[in-house]
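Trainee: Listed below, chain by chain, are the residues.
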Amino acid sequence: MTTPEHFFNEQCKAITRRWFFKQCGVGLGTIALGSLLNQKLFAAGKSALINPLAPKAPHFAPKAKRVIYLFMAGAPSHLDLFDYKPQLAKFSGTLPPPELLKGYRAAFINPQSKLLGPKFKFAKYGKAGAELSELLPNLAQVVDDIAIVKSMKTDAFNHAPAQIFLNTGSQQFGRPSIGAWTTYGLGCETSDLPAFVVFSSGPKGTSGGASNWGSGFLPSVYQGVLFHSQGDPILYLSNPKGVDAEMQRDTLDTVRNLNLKHFDITGDPEITTRINSFEMAYRMQTSAPELMDISKESKTTLEMYGAEPGKSSFANNCLLARRLVERGVRFVQLYHEAWDQHGNLVADLKKNCKNTDQACAALIKDLKQRGMLEDTLVIWGGEFGRTPMVQGGDDGRDHHPNAFTMWMAGGGIKPGITLGESDEFGFNASVDPVHVHDLNATILHLLGLEHTKLTYRFQGRDFRLTDVHGELVTKLLA
Amino acid sequence: MRISPAGCWLIVAFALVLSSRAERATNHWAFRAPVRPAVPQLKDRWIRNPIDAFVLQRLQKEKLKPSPEADKTTLLRRLSLDSIGLPPSIAEVDAFLTDKSKDAYDKQIERLLASPHYGERWGRHWLDAARYADSDGYEKDKRRMVWFYRDYVINAFNRDLPYNQFVIEQLAGDELPNATQDQIVATGFLRNSMINEEGGVDPEQFRMEAMFDRMDCIGKSVLGLTIQCAQCHNHKFDPLTQEEYYRMFAFINNDYDAQRVVYKPDELMKVENLRTAMAKIEDGLKAKTADWQARMAKWEDSVTTNQPNWITLAPRIEDISTGGQKYLMQKDGSILAQGYAPTKHTAIFWSTNNTISNVTAFQIELLNDGNLPCNGPGRSFKGTCALTEFRVEVASVLARTNVSKVKFTSATSDYEQPERELEPNFYDKSDRHRVTGPAKYAIDGNGDTAWGIDAGAGRRNQPRKAVFQCEKPMGYAGGTIFELYLEQNHGGWNSDELMNNNLGRFRVSVTTNAGPIVADPVPKPVRDIFAIPHQRRTPRQVATIFSYWRTTVPEWKEANDKIEWLWKDWPNGETAFALIARENPRDTHILTRGDFLKPQKEVTPGVPAFLHPMKSNGSTRLDFANWLVDRRSPTTARVIVNRLWQSYFGTGLVATPEDFGTRAEAPSHPELLDWLACELMDNNWSLKHIHRLILNSSTYRQSSRVTPELRDRDPNNRLLARGPRLRVDGEIVRDIALAASGLLTTNIGGPSVYSPAPAFLFQPPASYAPFEWPEATGPDRYRRAIYTFRRRSTPFPALQAFDTPNGDYSCVRRMRSNTPLQALTTLNEPMFMECAQALALRTLAEGGKTDDSRISYAFRRTLGRLPAPDEKSELLGLLKRQQQRIADGWINPNELSTGKNEKPENLPAGTTPTQLAVYTVISRALLNLDETITKE
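These protein sequence lines map, in sequence, to chains A and B.
Here the working numbering is used: the first residue of the first sequence is 172, the next is one more, and so on.
Here the working numbering is used: the first residue of the second sequence is 2, the next is one more, and so on.
None of these hints come from the bench; they were simulated from the model.
Among the clues, some could well be false.
Lysine-lysine pairs mimicking PhoX-like chemistry, simulated, CA-CA at most 20 Å apart [stated by the list, open to error]: (1) A/LYS525 x A/LYS234; (2) B/LYS265 x B/LYS569; (3) A/LYS273 x B/LYS599; (4) B/LYS473 x B/LYS406; (5) A/LYS412 x B/LYS904; (6) B/LYS383 x B/LYS408; (7) B/LYS383 x B/LYS265; (8) A/LYS412 x B/LYS66; (9) B/LYS237 x A/LYS624; (10) B/LYS66 x B/LYS44; (11) B/LYS64 x B/LYS44; (12) A/LYS234 x A/LYS646; (13) B/LYS873 x A/LYS432; (14) A/LYS482 x A/LYS525; (15) A/LYS273 x A/LYS285.
The following block holds chain B by itself, in its conformation from the complex:
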């Protein structure tokens, strides 16, 4: 190839650009590990800790002075909203005001950092970054039960789990030695990605979308780098190549997207107790049967070869019969159902076989799979399934029109489920008597009965099998076409909810052996162990065999019954999304422009060259996680302290918390950022340590009052010559109203609640499909907003109005808008009105006997401070005017104070409905003040 001179110049110029960019990149401050800077030695009584020294140094440079300390009431409200997301009660304010001790403020910090609400407040920030939501997103946007992850985060913050450990658990808790349930639940972090199960999707396409999302999430939340650019090409500004992106990708590309059964603490205890009790009974059997091992071995010998020869059919699906579900052929001849899950469909498979001509029986094995709910083998929310009918037609390859239906004479299975009503979850609006039961229900020609496999809590997610005996041998010499009809009609009415009851992973096989063929009673996990030589079996494997074998020993009936009885006590548990490493890692390729259909070169796990090197050559998620929180990581510690700073002061020391790359503007206080990062790492990555430092600083304690000059000079308060004054996050806007009214329920954790919202939002055409929103009643109505169910496609209106992200993707910086829709929300949304009414009632009950004391009381409940005289007279004016209008008959006081035309209940003695009504007006005004929803 010849290159023209002009072309040469171009190449040279381009190379220069590249090299200078690379140079700039390696010199970029954020790509070099932070080194603890010297604290400026300034002599100033204002300085309480090194934060102040750094801030003051900059202020002096700008010829600015810090603001005086905020008054105590304002400070406590600020401190309280920042630490726990709730305003202080009147009693808390009074206690602080009367505490004249030197460490009064420090005591408040300690009280608040020790509050369990601290985890709710700061966990919520992480949940933004972790794009937590309670539904799948995309069209179906089905609910998912993942609140264990939310509670894990809250608890982790409350116990101040070191941040490095926290990040490790997020990415690889399951790979830690002796991983606890909590550590497994933590991997829900990566699993919070959206899932697209709309009809006709290619599951691999949207698995890859989810993988990109996980990479983006790690980039924003932990690394502070915009790595997703490199999904399609080398990063344009930072020295991250596309290959490096996919090398990081390779660490996290080897997992099942699992959904696991998890237990609450009391349930976990119960599970442990039951396990112990069962083991004790089994130990008893072993103790009184000296030769049990020999007897078990003899039994094993008797059953190892007693099975007919099963030939796997590995049939193909008729596309038209899938109902939109994808049936994916697996290497072992089984079929895995993924993607959209219709609640009723008949899947038709066909298989041509030229060698089998005398089929005596068909077998359907239901198999576990890490991608199925609770490991399967079904696709229902419990991992179970129901086979309504199984029909087979055979035809001759030579004469295809000659089709005969297979008549089955018996159906047997390894677990014969007793007949059971279909759970309400599968209600199909037909009001027919639909049941599941033994395998014969799949060949009884009755569409209301189905073969079911639910063996109860603790045992429902086992592989199962059923065998269907033909009346006479079927098939044709010269080749047979088998057409298999798997009717799966035991799901519910709405395929856009968790109502499917489909097979998850299954394998169909046939035998030509003569004689009565019945399902092998020996469970698959036991038979799998048979394949392992005795001397190489683990104690656990031996125990697994024993647990089955004992059930076959007649004289142990009593012990077996006892254990059976114990199983009935096993808790159902809940579910959580988690990762489970696959036995065989996937190959990871560079993808042309991020297109999963265009794989290029294969890559191995590895980390970008411009960041610190790995300590190990490992390729697991755990290796990757350890690398992320390596002391030498240039961004990890900086990124998290920057986010804490952002939350306190509105803007981070780096204004773009998601991007510390070469395009990010320089930090406002680079030394302070590095000092905080080192301080975090040197103090066992304790976030509470950093909180304590910030909260203690004079910088934080400044008054937020601002002069026009300073405002124009530093509108965003980057120089920190004043304290922060910011509208609180959406959740806290709502929580403040609930707290002020006294309605707030302060329970920590548990399933998400369906806070009151307009019903039409969850029905078409506002929602794609109907979505059940069983509005919370009782105390759950008044839970903190962190517990409000988050449906991605239907953001909760009162939170959305205040810029709460809906979890579609990782968010480390919220907007802070100020809009008319916010005003409409706090003025008119029913829950805010309910709060106004409740605050009124409480004011009459507890606020003294005069309007003067009552107004002060309501004011303090809302704002912490006492009203100034002119504020009080403003409110008194409103009170008098509306009192008069009620007296004149313009307003129905009962309607105003109850929302119904009913007399108010619990009216405090000596008060009137009119008073309750006017205090509802006063309370509503107070809840709508700018100051109420502002940290000041």
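Here chain A stands alone, though its shape is the one from the complex:
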């Protein structure tokens, strides 16, 4: 059972004295002041110690300590990137078998549309011979480090509900996202940066908007913070014009002293929490710009990602994701909304892969060479797949929920495997189907969280990310 009260007690237990001194003692004007504050904070009783984002122990030993989620919004075509179907090529231009379409609803097209064969050449790569499209030459180089899941399926086939579903396990708005559940369950290793960071790139924004990384009914402190890849990464990070660093510090010290005086009178521990929030904000003012400055990265690293200092791109975001997790951020989600190829399939897929393939592969290589891949979970995928049937002339595919492909790497994922199959037309997930709830249960498992036990009481009910569903996909585990 998780009531706010219970939650409160758990938080108290989870916070170590060491953490407390580290977080509250540093950054104050003087050490003397720091310890004075600490005394006051301790005097304020246990509730003053509450930082809902303090690191917490998982349910069991985790394989992954952090997540980088590459969310390919718009829904990439599994049929042209991962899931090669000779039969689809063979029957291209003919109508699909009627039994396949029984009860099938499509978003735009009449389901009675002709099949469209794969548009690109496929070949086998790596020791395990994973099949990939020619559009993914970089991923091909790290294919032995990833696990490809060809049997994903979901419940929704419109973008906003499907994105919300993949993230929250519900098509209805108002549920916490997987990043929020994770930080709720595990807290964060750093308080100099937000626990859950989101980037968005691509020609459009996401369909699900801020609810994709929202905290739903969980405390709002768990929601993702959207980073801007240019200028201030966090809103209102920079001092206002005319305020220099020293004035900011002097102002904060004055505010803190006045707050402490008032705490003496009122005794409200919320004041000490606020002092702490201001100190964390001050530290973010230094740590976030430092984080964003990728110019300090080696030329080799920049080239590996295809990142360019000062630009905003998916490649830059991948590099930033690595820098974030290095600094202790728990959950990073990169949205790249570009994959909705109702038309212009060939040209747009080429473009999208050019913009993303290199950086995705670089991220794997980079994490690996830094020894971080083993406890960093990387996830790649979109909200659904695309129809084997054509939309329009011969260069587009409609939304398709019955089968699609995702890949995962690191953090306890068995490398170099391909899990599951779709049928001969890539229409239905036919072997080892992995539903969105199964995926989410598995992600939580890798983080050391039992998906049936990570609950939050709301409206008289214990809610879970996986609702009443979700089976651990053991075949994916290393």
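Since the structure of chain A is provided, determine the placement of chain B on it from the hints.
Mentor: Chain B alone, transformed into the frame defined by chain A:
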């Protein structure tokens, strides 16, 4: 079927569990109507009203004592923030401090409850519950013009509309006898649901999502029950069955999701005046024409049968041509456009007919529909539309390759719109000269011209028709395939904004009659009345016929011109979301796991058995609303007084305001809850009465200071041995800064304002599509946060940081977090800095001549109270240090105090830019104090 012994035991055990649960449920306190409890008879001077008696009784039980009363300044600030959401001015504090009369405090309560800002403060709570937002949500998240609803709520609270009446209007204001515009606007409550119009959606799927949301909203906001569980299955904990859920659902399932034209008070007056003036002219015509009825009847006879025989085609849409819009076939052969609305597309329809072979003309009727903006007939934000081109190709069923294009020789319509520039709203970045005009523009082969139907304010939402005459009869013996091309390219550049100009509901028909065929000039509503026998027509119907007929009488030209002239004065009005009952109710079914594609048994409207029975057997929303606010309702009154309590004290008497069910923890003060609920109902459901009671109580007036012992014993202050000390709501955080600085604009109501926010948030990739955010200038910049435009997918950052919900779903309990992002907001967000600068300027102008008096002045503007000496010296220290740094050249004072490298304007006489700069620093520190954003 045979059941093993073990199975039998299981069944027995299960039955026992069920029965005990059912029993527990019927005995559950919240499912029995509140009965006014006896007030504890305690002799204690602390007790001011029964609230205190209940609270003290509990405190005595816990061996605790109440805290002393808060000091007057603190109390007035608390009272002011609670009642109107704004801090008291220095003058208000002084007036209270100097008022030594016995009822000084009561006078303050009355002053504040009578303030128009009371409605803003308490209306905002209802808007949370009503999930109010200014945009649709989901991917497109288009803007919607619904601020009339917000203003209705504010006004309803201000005039203390009895809560039972308020709830009735929320659900069924339109069904009240002689419903006023306000009562119709109130039904926006249910309509505040999100709308998904992303490409390819099934409109019925998301209508059902919205229906579930409405049920959830009623459950949380009025019933205090988590009914949405029963959308998929019987409630696991409360005795609500899935069938009962859908029976309640059936009450609210019979409406158009309407968007109506509404008028501001001055416009309403104008509309009334114009109506009267027009009626007067018409009465004059009737008065001087004794035989007008006979003449009108004769005219009617002459036109009733003068129309060709139109055969409806009811064509099918080519899926590929919809542009993502859904064209839904209606029973009358018309087609309704719903879902995503592309701004440019050519819809292709086809129809095969084996009997018609000599088509002489085509007719397109544009029809009204309750689901279209302003009742249609178009899908534009005004309910209008434009048909760029209408083309037809015919082919023989026998020889499909033999396709010929239909050549039209004329196009006529019942309303010939004069040529008009396309409104800026439909700008498509092409800079071509795009116009709408008469029907012939649809067959002129020119993509820049279109048939338009905008007859001006008051008359633009009429059904219209156009007839296209073929050069020669078209069609083939043995069957004809008609292929119809409806080019709709007069929308704007961004289909993710309100820029479509599409047809909404239309019907295509053909005739084989010979001779010149022109559009019937008689309006459809008039012709519809012709079908009713004379003696059964209402006076209003007769008037409708007259209003058209008079325009055909040549000798009445002068009067007709006069009325025409009056029409030009008709106000455009605004729009509001509302419900309109459908003529034919929908069937409601139980849905398997809430899936709209899996209907089971049909259900009739009804209410759950564990709650009070209905008084009537009615099946309307009004019947349902009356049931909700029945005196016997066990939860309705308790739920609302509990929410008021929660707002004052941080936690409700029931900690879970959204759930009074069997899983909810017991109330902290059950008798007090029931007493308040009965007090509400016995006092004509007056919320202000409850506010007055709470504000007057000794319980409320306690100091919020807390000892470590009491804090550990009762961290959440459920026992109420002290006053509340809580960080204020997000809107009020911002409003306090605006008020302290003197920048605040205090106007009540009006369209939502685009408060300053970073531009990139409204552009991809932060926003799905570009969203225009024309940043407010002038006084609108400084409106209260309740008026800030709420876009669901882009929550306003300064409000989101402070836990303001974004309206995706009903919220009756806000979080209250304390985060670094909040600190960054109050420290660095431009509007907070602007407030610091303005407070500095005002301090120099009005705060006396010494640093001592100025610091006191700024302090009081922000916190109400005077600074203590050590607080003052702390601030003086900051002032001196930063003054020195400015003198040493480290800081550019102009940049600091204006945000630009410019000399400050309006610098008070005798003050320097450096002073303004250091007071900006002081003001900024003050606005960032914990106490500033705390009700204490």
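Trainee: All the hints need checking, so say for each whether the structure fits it.
Mentor: Cross-check of the supplied hints:
Simply put, A/LYS525 and A/LYS234 have alpha-carbon atoms about 32 Å apart, too far for the 20 Å limit, and the pair is violated. The hinted pair formed by B/LYS265 and B/LYS569 meets the criterion: a straight-line CA distance of about 18 Å does not exceed 20 Å. With a C-alpha separation of about 15 Å, the suggested pair A/LYS273 and B/LYS599 falls inside the 20 Å cut-off, and the hint holds. For a cut-off of 20 Å, the pair hint linking B/LYS473 to B/LYS406 stands: about 11 Å separates their Cα positions.
For a cut-off of 20 Å, the pair hint linking A/LYS412 to B/LYS904 stands: about 14 Å separates their Cα positions. Restraint check for B/LYS383 and B/LYS408: not satisfied, since their Cα atoms lie roughly 32 Å apart, outside the 20 Å limit. Only pairs whose Cα atoms come within 20 Å are accepted, and B/LYS383 paired with B/LYS265 is accepted, the gap being roughly 17 Å. Straight-line distance between C-alpha atoms of A/LYS412 and B/LYS66 comes to about 51 Å, which puts the hinted pair past the 20 Å bound.
Between B/LYS237 and A/LYS624, the direct Cα distance comes to roughly 19 Å. Compliance with the 20 Å bound is thereby established for this hinted pair. A C-alpha spacing of about 14 Å is found between B/LYS66 and B/LYS44, which places the hinted pair at or below 20 Å, so the restraint holds. Pair hint B/LYS64 plus B/LYS44 holds up; C-alpha atoms about 16 Å apart against a cutoff of 20 Å. With a C-alpha separation of about 15 Å, the suggested pair A/LYS234 and A/LYS646 falls inside the 20 Å cut-off, and the hint holds.
Taking the CA atoms of B/LYS873 and A/LYS432, the gap is about 12 Å. The hint holds against a cut of 20 Å. With a CA separation close to 16 Å, the supplied pair A/LYS482 and A/LYS525 stays within the 20 Å bound. Restraint check for A/LYS273 and A/LYS285: satisfied, since their Cα atoms lie roughly 16 Å apart, inside the 20 Å limit.
The earlier numbered hints that this structure contradicts are 1, 6, 8.
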